[in-house]
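Colleague: Kindly generate the complete structure, drawing on both the sequences and the hints.
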Amino acid sequence: MRSPTLGFKAGLEIHQQLDTGKLFCACPGYLRQDAGDVRVTRKLHAIAGETGEVDVAVQHEAGKEKTFVYEGYHDSTCLVELDEEPPHLISPAALDEALRVALLLNCEVYQHTQIMRKLVIDGSNTSGFQRTVVLARNGYIETSFGKVPIDTVCLEEDSARLVSEKSGKEVVYRLDRLGIPLVEIATAPTLTTPVQVKETALKLGEILRACKVKRGIGTIRQDVNISSPGHPRVEVKGFQDVAMMEQTILTEIARQQSEKQGASQVRQALPDGTTKFLRPMPGKARMYPETDLPLLYISKERLDGLKKSLPRLQHDIRQDLLKQGLSSDLVTLVLDGYVPLYTTLVKRHAVSPVLTAKLITLWTQEVGTKAHMTADERASVLTEAIYDEILEYVASGRLAEGHVKGVLKSVVEGKSVSSSLPAPGLDENALEQTIRALVAEKPGLRANAYMGLVIGKLGTGIDKKKTMDILQKVVG
Amino acid sequence: MAFIGKPGDRVRLRLAQEEVEGTVLESHEPGICLLKLGSGYNIGISADHILGGEVLGSAPVSQLPSVVRRSSGKPVIGMVITGGTIASVLDPKTGGVKPLASVEDFVQYYPALFQMVEVKVIRIPFKIASESMDSEHWKLIAQEVGNLVNDPAIQGVVVTHGTDFLHYTAAALSFMLRDLGKPVVLTYSQRSIDRPSSDAHLNLQCAARMVIDKAAGVFVVGHATESDDYCQALLGTKVRKLHSSRRDAFQPVNTVPVAKVWPDRVTYTGSFTPRHTKPCVVDAVCSDKIALVKFYPGQSPDILDYYALKYKGIIVEASGFGHLPVSESGNSWIPLLKKHIRAGFFVGCVTQTINGRVDPYVYSNGRELIDAGVVFLGDLLAETALVKLGWILGHYGWKKDLEKKMLENVAGEFSERLVC
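Protein sequence lines correspond, in order, to chains V and F. Under numbering that gives the first Met the number 0, think of the first position of the first sequence as 0, with each following residue one higher. Under numbering that gives the first Met the number 0, think of the first position of the second sequence as 0, with each following residue one higher.
No lab work stands behind these hints, which were simulated from the structure alone. None of the hints are false.
Below, computed lysine to aspartate or glutamate pairings styled on EDC-like, alpha-carbon distance capped at 16 Å:
| # | chain 1 | residue 1 | chain 2 | residue 2 |
| --- | --- | --- | --- | --- |
| 1 | V | Lys65 | F | Asp228 |
| 2 | V | Lys213 | V | Glu183 |
| 3 | V | Lys472 | V | Glu427 |
| 4 | V | Lys275 | V | Asp222 |
| 5 | V | Lys168 | F | Asp228 |
| 6 | F | Lys311 | F | Asp287 |
Modeller: Right, here's the structure in full:
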């Protein structure tokens with residue numbers, strides 16, 4: 000039987016939010032659930048100018064139907080998102096991070112490039128365009144099936160978030176997402192099986208996660224360009240889950256081949272592995288220079304500096320962590336966003352790396368889940384400073400490893416670290432003396448019964464594991 | 000190596016390790032060749048890196064679309080274009096900025112305007128940024144507008160203008176167009192029309208609506224808020240640009256807006272002179288021997304020697320109530336003020352707080368300045384005061400009544416009541 004993927008060609012396009020604050024202003028890049036402080040109403044107009052290309056009158060009629068409402072916040076959005084102030088110079092932090100991605104993808108970086116305006120008339124950008132700049136080209140990544148070429152790496156601003164749409168007349172957007180930097184990676188259309196597409200997506204994901212990127216749902220968007228024999232190119236947008244990629248692509252190829260007359264179009268990936276029609280394939284994007292900003296110059300010195308500070312890829316970090324004695328499962332937990340914290344803490348405190356890893360991943364998650372906290376709430380309580388304090392007590396011998404989780408639990412309940420410490424324990428000799436005295440006083444009991452007596456005498460703060468070890472030794 | 004091709008040409012450039020194809024764009028960076036790639040992105044290439052290359056094709060000659068024919072029956076207006084953002088567009092083929100220079104251009108970019116009105120005449124006396132203007136430009140605009148309003152077929156005139164010094168021109172027209180019986184509306188844009196979100200569309204439509212409505216006078220019409228819902232009409236002598244970039248940059252000072260303006264209606268919120276048929280007298284004179292000085296703490300009165308030597312008069316943006324250092328100060332301005340004013344030099348004071356009026360009687364400092372001959376100009380805006388001083392001094396024989404004329408309410412520039 001003929002393979003369904005024979006003659007199949009695909010390319011990947013990945014949009015990943017960077018965790019650096021906004022691209023063209025000083026606003027933070029977080030999303031909000033509360034209603035906006037400011038509501039501004041706007042219309043968008045057709046752009047005339049490229050004579051012959053646009054039917055101005057028609058576009059004008061089409062455009063003026065809709066009213067766009069933008070919700071902004073006094074403390075986290077500014078005049079730039081509202082299109083009431085020219086863009087500030089491109090964020091150096093975002094640019095550096097995007098350049099790091101380009102370098103990790105073995106790309107050649109353009110020395111001079113221009114920030115462009117890509118026309119978007121659905122209202123998702125207050126200005127009517129999205130700012131985007133091509134930074135690098137001609138890269139590659141290594142995969143199990145050879146090199147996959149990277150065509151371009153671009154840096155662009157994310158759009159405003161759709162809140163509601165009233166009968167197609169009034170569309171409400173929130174400005175919190177507008178301007179968050181997105182790095183866009185486009186591979187060449189050289190992938191020939193769905194398995195290759197998936198592996199490439201995973202590999203790119205790994206590289207991105209080594210950089211300062213946002214994590215969680217909606218922070219990465221993956222599109223696949225698919226063409227199968229006899230069918231024009233189709234772009235499938237919005238894969239949230241790489242696990243579904245293979246199935247979705249296979250289903251899409253089958254759909255394409257069952258169509259008598261295929262059309263070039265954009266389709267949305269659905270959670271069940273099928274796709275639905277979104278819109279016809281748009282023509283080539285209309286781009287103009289962003290006249291409010293100077294040409295972007297990326298110096299050799301800047302690139303050399305970045306090359307020295309490139310983050311390490313997960314594969315290499317994994318090997319290191321295994322060498323430090325972490326179990327494979329624990330390594331996986333640390334790799335899920337905790338590498339910088341872990342590295343800092345291990346460097347700072349003379350404490351076992353395994354304990355440090357468990358503290359910031361396993362135990363923190365366990366204690367947080369029991370207290371019904373979200374990841375964000377947890378992170379706001381169990382800060383780096385709290386971990387520092389705990390590990391300092393462990394390093395100085397004031398806190399036994401067996402009590403660390405108890406301290407975490409107590410901190411989550413609102414206590415300070417110092418008031419969560421168990422009562423000053425006896426040193427091992429003193430403990431053993433106390434135990435021997437108790438056993439001599441009431442001989443013939445079982446180890447568990449003596450444990451009760453020890454607790455009765457010394458309080459619940461004792462290191463129970465150590466006590467039991469001594470009891471076993473003494474009672475036999 | 001030099002550049003290959005001219006803006007608009009398709010070229011292939013040979014670099015050390017590769018060849019690049021694209022369209023040459025106008026570059027404003029010396030030594031950098033700006034190229035549009037097939038993807039639509041622009042990149043720059045250092046001229047030193049270009050080893051050679053060839054022109055693949057020349058710039059296509061752009062064709063203007065056929066002009067929408069103006070049908071009759073619509074109200075007829077005149078337009079005066081003076082430059083600024085509202086009348087400039089980006090040419091995407093070359094990357095440069097080009098001016099809108101004809102009725103056809105305006106029809107293409109502002110189709111909605113031409114659904115409302117018929118533009119009989121567009122006059123373009125010059126096209127410059129507003130910071131490049133001087134009183135000669137104010138006079139030219141006044142002449143052009145005067146000719147248009149005296150055409151019985153024309154209901155009123157829209158003047159498009161760069162924003163930064165628009166309120167100076169508005170004040171100048173207010174003084175120079177005597178017995179004005181029709182609306183003259185200045186408008187602008189803060190966001191260029193090559194972006195879909197431009198404020199120019201609403202501003203122009205509302206300006207045209209105000210021009211065919213019932214109030215006579217010089218007004219500035221533009222966004223009232225940050226939203227694209229309505230504009231406000233502001234008296235030409237009581238308006239100031241109060242924000243460098245927001246759409247609602249122009250706001251009334253010491254008064255209320257004359258009207259709220261939508262593309263299809265006007266609601267009056269302040270008093271106005273109704274239209275009348277008396278011919279407009281263009282009194283376009285202006286002396287440039289005037290200056291605007293902003294006082295700051297510690298400023299030496301020595302500068303008065305300089306100004307008195309070169310100028311006929313100055314407007315000083317003094318303290319809130321109009322104070323300058325007097326005899327109690329180690330830096331008293333009184334002796335030099337007395338000396339120069341006695342010799343015929345004019346010193347008028349306005350407040351640097353923008354809002355409110357100067358008042359010489361609250362503190363003795365003010366009375367000392369009055370005694371020295373300083374003229375307190377009430378709630379006059381500094382810019383309006385400057386223009387008015389130039390206009391008065393431009394008239395032969397008016398100098399002897401200078402103080403009286405400066406304090407006369409010629410074009411609504413004084414508010415007797417400051418609204419709460």
